[in-house]
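Trainee: Generate coordinates for the entire structure from the input sequences, incorporating the hints supplied.
So the protein sequences, as listed, match chains A and B.
Throughout the first sequence, residue numbering follows our numbering, covering 11 to 564 in sequence.
Throughout the second sequence, residue numbering follows our numbering, covering 22 to 113 in sequence.
Derived from the structure by calculation, the hints contain no laboratory data.
Partial list, derived from the structure: chain A residues whose beta carbon lies under 8 angstroms from chain B:
hint	residue
1	P160
2	D210
3	L229
4	G481
5	K547
6	G554
Yeah, the Cβ is synthetic: ideal placement off N, Cα and C, and Gly gets one too.
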Amino acid sequence: MTLKTRIKICGLLCFLPAIALCVRLFYLQTFRHGELTVKAEKRIYTQTQKDTLRGRILDNKGVVLAESLRTYAIAVTKKNVNKKDALLSAIADTLDLKKQDLQKIWADKKNFFYVKKNVTPMEYEELEKRTSKEQLTGLEVEPEYTRIYPFDGIAQDIIGATNSKNKGLSGIELMYNKELSEETKSQRVKRARKGGIIYDKSQDFVPEIADIYLTIDALGQYYAESTIKEYAEKYKVNSAFVIVQEPYTGNILAAASYPSKDGLSLPFQFTYEPGSTFKTISVAAALDSGNTDMNSTYDMENNKWTLTGITIKDHEKQKKNILNLSEVMEVSSNIGAGKIAYAMGAKTLYSYLKKFGFGIKSNVDFLGESGGILREYTRWQPIDTAKAGYGYTVSVTGVQLITAYSAIANGGTLMQAHLVDKIKFANGEEKSFAQPIKVRRVVSAVTDGKLKTLLRNVVTKGTGKPAQILGYSVAGKTGTTEKYAGGGKYVSSSHIASFCGFVPSVNPRFTILVVLDQPEKALFGTSSAHIFAEIAKKFLTLYGVPPDQEDYAS
Amino acid sequence: MKTIYIILLAGLFLLLLSIERVQKEKTGYRAASVMEDISFKQARNQYLRYQIGIYKSPDKITAAAKEAGMFVTEPRNLIILKVKENDFKDKN
Numbered sequence: 011m012t013l014k015t016r017i018k019i020c021g022l023l024c025f026l027p028a029i030a031l032c033v034r035l036f037y038l039q040t041f042r043h044g045e046l047t048v049k050a051e052k053r054i055y056t057q058t059q060k061d062t063l064r065g066r067i068l069d070n071k072g073v074v075l076a077e078s079l080r081t082y083a084i085a086v087t088k089k090n091v092n093k094k095d096a097l098l099s100a101i102a103d104t105l106d107l108k109k110q111d112l113q114k115i116w117a118d119k120k121n122f123f124y125v126k127k128n129v130t131p132m133e134y135e136e137l138e139k140r141t142s143k144e145q146l147t148g149l150e151v152e153p154e155y156t157r158i159y160p161f162d163g164i165a166q167d168i169i170g171a172t173n174s175k176n177k178g179l180s181g182i183e184l185m186y187n188k189e190l191s192e193e194t195k196s197q198r199v200k201r202a203r204k205g206g207i208i209y210d211k212s213q214d215f216v217p218e219i220a221d222i223y224l225t226i227d228a229l230g231q232y233y234a235e236s237t238i239k240e241y242a243e244k245y246k247v248n249s250a251f252v253i254v255q256e257p258y259t260g261n262i263l264a265a266a267s268y269p270s271k272d273g274l275s276l277p278f279q280f281t282y283e284p285g286s287t288f289k290t291i292s293v294a295a296a297l298d299s300g301n302t303d304m305n306s307t308y309d310m311e312n313n314k315w316t317l318t319g320i321t322i323k324d325h326e327k328q329k330k331n332i333l334n335l336s337e338v339m340e341v342s343s344n345i346g347a348g349k350i351a352y353a354m355g356a357k358t359l360y361s362y363l364k365k366f367g368f369g370i371k372s373n374v375d376f377l378g379e380s381g382g383i384l385r386e387y388t389r390w391q392p393i394d395t396a397k398a399g400y401g402y403t404v405s406v407t408g409v410q411l412i413t414a415y416s417a418i419a420n421g422g423t424l425m426q427a428h429l430v431d432k433i434k435f436a437n438g439e440e441k442s443f444a445q446p447i448k449v450r451r452v453v454s455a456v457t458d459g460k461l462k463t464l465l466r467n468v469v470t471k472g473t474g475k476p477a478q479i480l481g482y483s484v485a486g487k488t489g490t491t492e493k494y495a496g497g498g499k500y501v502s503s504s505h506i507a508s509f510c511g512f513v514p515s516v517n518p519r520f521t522i523l524v525v526l527d528q529p530e531k532a533l534f535g536t537s538s539a540h541i542f543a544e545i546a547k548k549f550l551t552l553y554g555v556p557p558d559q560e561d562y563a564s
Numbered sequence: 022m023k024t025i026y027i028i029l030l031a032g033l034f035l036l037l038l039s040i041e042r043v044q045k046e047k048t049g050y051r052a053a054s055v056m057e058d059i060s061f062k063q064a065r066n067q068y069l070r071y072q073i074g075i076y077k078s079p080d081k082i083t084a085a086a087k088e089a090g091m092f093v094t095e096p097r098n099l100i101i102l103k104v105k106e107n108d109f110k111d112k113n
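Mentor: Right under this line is the structure:
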């Protein structure tokens with residue numbers, strides 16, 4: 011064998027492994043490509059769940075009413091545990107659990123089991139430090155969240171509830187679920203050899219959740235809730251609610267229900283016959299349409315006014331048989347209001363009731379809002395027209411009535427009621443809702459001035475005296491309604507007592523409606539008037555409204 | 022000789038490239054740890070704020086104030102040092 015041949019053989023031998031390697035590579039890349047790619051993918055990458063905390067619900071000043079808190083679910087995978095006893099001790103010590111209980115679960119479960127859910131960040135930190143220090147393995151941590159209500163859980167009936175899967179179930183949580191939450195996103199990330207992940211720019215993302223700002227004033231809401239609860243328990247009512255509105259903007263500052271239930275807000279959902287508080291509306295219609303005047307007088311018919319065979323009575327016989335318009339309102343005469351409505355006629359009254367916003371939803375932005383009941387005037391009997399004059403045969407919601415009173419308070423313009431102030435998105439973008447929106451003018455400024463005088467007289471001379479506040483002029487109207495029992499009959503022992511008014515009567519800052527459903531101990535609107543004064547005083551103090559009467563020094 | 026230089030340069034380039042890639046992974050790992058830490062600290066901060074919020078809740082403050090003999094004053098007792106012009110202006 012020549013040297014040349016030997017060199018050729020050596021060269022060939024040297025190339026053989028390279029050729030074999032190429033063949034192998036070709037085989038792996040071509041025939042086992044799919045299988046190996048999956049293997050490599052599993053080793054290098056992992057999927058993480060990118061979940062975003064649910065958006066917050068705040069009041070009009072930015073006080074957090076509801077937010078989600080990051081918590082952790084701690085679990086154990088038995089097959090990964092290196093020091094069983096030490097791990098169970100660490101868990102028991104840091105998570106306030108009994109080691110014996112943990113040992114029992116350990117014995118019962120095959121491999122994986124949860125130790126504790128809703129673990130606070132502090133507890134988790136302590137556990138993490140301990141496991142790192144003692145080099146313990148086998149612990150699994152799953153991030154989760156809990157919905158919390160930092161401001162004593164106020165406005166719970168408006169806010170509503172969420173489930174453990176971050177979904178809104180009722181109230182604002184349900185209505186704005188799309189804005190408050192976003193679907194959990196799965197993300198492909200590079201896995202590090204010693205655990206954890208390797209950051210990559212592609213992992214950056216801007217969450218699409220938003221915060222919802224309500225028009226509610228948290229502190230005012232607290233006062234409204236605590237006051238209505240106190241009196242509801244005192245008067246042993248079936249239910250009660252209070253609603254406070256800014257008359258010039260239509261913004262709802264407080265809406266409290268008793269009893270309070272998630273997503274069930276009585277001011278927007280409870281419908282009732284408003285009774286005498288509705289006389290303000292029928293008198294407004296009559297004054298504005300020229301069917302009555304401040305000098306008009308009404309015969310009380312010795313407390314028995316018969317219309318189409320049906321007798322209408324006042325609660326008690328009036329001291330005088332002839333009352334002027336102001337006196338009709340002051341003593342809250344059903345006969346007087348009935349006569350005013352009847353003289354005005356069904357069509358005119360109906361058109362004003364529509365203008366004031368009755369019979370349709372106020373679009374206040376609350377799920378399940380009721381529109382009340384206002385039948386077509388063509389279906390009214392003459393007695394229905396008279397009864398509508400003092401708040402029977404029509405059914406209203408609190409928000410409808412208070413918005414109508416706010417129209418009187420602000421000079422005669424019906425404003426759109428608002429409950430949601432704005433939505434603030436994570437990218438800084440804002441969508442505002444609570445811009446003052448004038449719906450329509452319902453009565454002229456002249457009529458409005460007369461109405462304010464009448465309502466002021468109710469508080470200074472009439473049934474609304476308990477609503478008086480030293481130093482402030484109050485205007486409002488009491489209401490006591492017998493509850494409808496069906497079949498055209500009313501229960502004389504079952505009442506709805508209410509008061510609706512505004513303060514101060516000149517340049518009003520707050521319109522407040524108080525409704526007590528079936529009070530056992532307080533039958534008449536005067537008790538509601540007293541609650542009105544209590545709540546109004548809190549709001550006047552809270553907003554620093556200066557007195558407008560000179561009696562404040564007394 | 023020229024070929025050897027080219028091979029050496031290519032080798033150096035590949036070495037630097039691999040160092041850079043390793044550094045990138047290391048930094049990415051550190052960044053992920055820092056981000057996890059931030060997220061954890063945010064959660065802890067939020068929890069602390071929540072606990073402070075509980076103590077600042079109106080119910081707790083009202084109860085404590087009551088114990089100390091304090092109450093919300095009648096609005097007429099307020100001394101308003103600065104009155105906004107709009108408070109007296111007829112908005113009608």
